[in-house]
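Let the sequences and hints guide you as you build the complete structure.
Chains as they are written, first to last, in the numbering used here: chain A, 185 to 264; chain B, 185 to 264.
Note that these hints are calculated values from the structure, not bench results. The reader is advised that the hints may include incorrect statements.
One copy or any two copies: either way a pair holds, since identical chains are not told apart in the list.
List time: in silico BS3-like cross-link candidates among lysine-lysine, alpha-carbon distance up to 27 Å [to be verified]:
no. : residue 1 : residue 2
1   : 208       : 196
2   : 191       : 249
3   : 249       : 219
4   : 225       : 195
5   : 236       : 249
Since this is a predicted model, take the numbers as computed values, not measurements.
Protein chains: 2
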Amino acid sequence: MFTVEVKVGLKKGVSDPEGANTHKSLELLGFGEVKEVKSLKLYRMHIEADSKEEAVKRVEEMCMKILTNPVIHTHEIEFL
Amino acid sequence: MFTVEVKVGLKKGVSDPEGANTHKSLELLGFGEVKEVKSLKLYRMHIEADSKEEAVKRVEEMCMKILTNPVIHTHEIEFL
Numbered sequence: 185m186f187t188v189e190v191k192v193g194l195k196k197g198v199s200d201p202e203g204a205n206t207h208k209s210l211e212l213l214g215f216g217e218v219k220e221v222k223s224l225k226l227y228r229m230h231i232e233a234d235s236k237e238e239a240v241k242r243v244e245e246m247c248m249k250i251l252t253n254p255v256i257h258t259h260e261i262e263f264l
Numbered sequence: 185m186f187t188v189e190v191k192v193g194l195k196k197g198v199s200d201p202e203g204a205n206t207h208k209s210l211e212l213l214g215f216g217e218v219k220e221v222k223s224l225k226l227y228r229m230h231i232e233a234d235s236k237e238e239a240v241k242r243v244e245e246m247c248m249k250i251l252t253n254p255v256i257h258t259h260e261i262e263f264l
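Here it is as structure tokens:
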């Protein structure tokens, strides 16, 4: 059993209003040291697989089929 | 300059319909090996600070003030 994190973010050039607004709000609250904020979606899942390679392969399939929209999203897969 | 990831999740006992629905959809699509899905929010930010300790302190303040609702959310801070 593996614990996998899938981070789904926006591709470069796709606007990220949530990140931009969070940044603006942080600045208004006095956190001027924050230089950039990006907003991402994180899925943390438990998955049964024989190996890490097999798990990555299956998670990539999940990303293609349902977790991301490849037109606008990028994704990163990490093991905990 | 540090790159910090803030992972905002739901406390134990708080229902996570997005995670549950993602899990259900994955099962319906044939990914029966997935045993649990949790949905979290991820903020990736660049922050200027003199030290990691100082950065953590400031990010904790941001979490208290705007990034999380401490009644229902937990958060994790990680450096990239």
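| request: Please flag the earlier hints that this structure goes against, numbers listed from lowest up. | output: none
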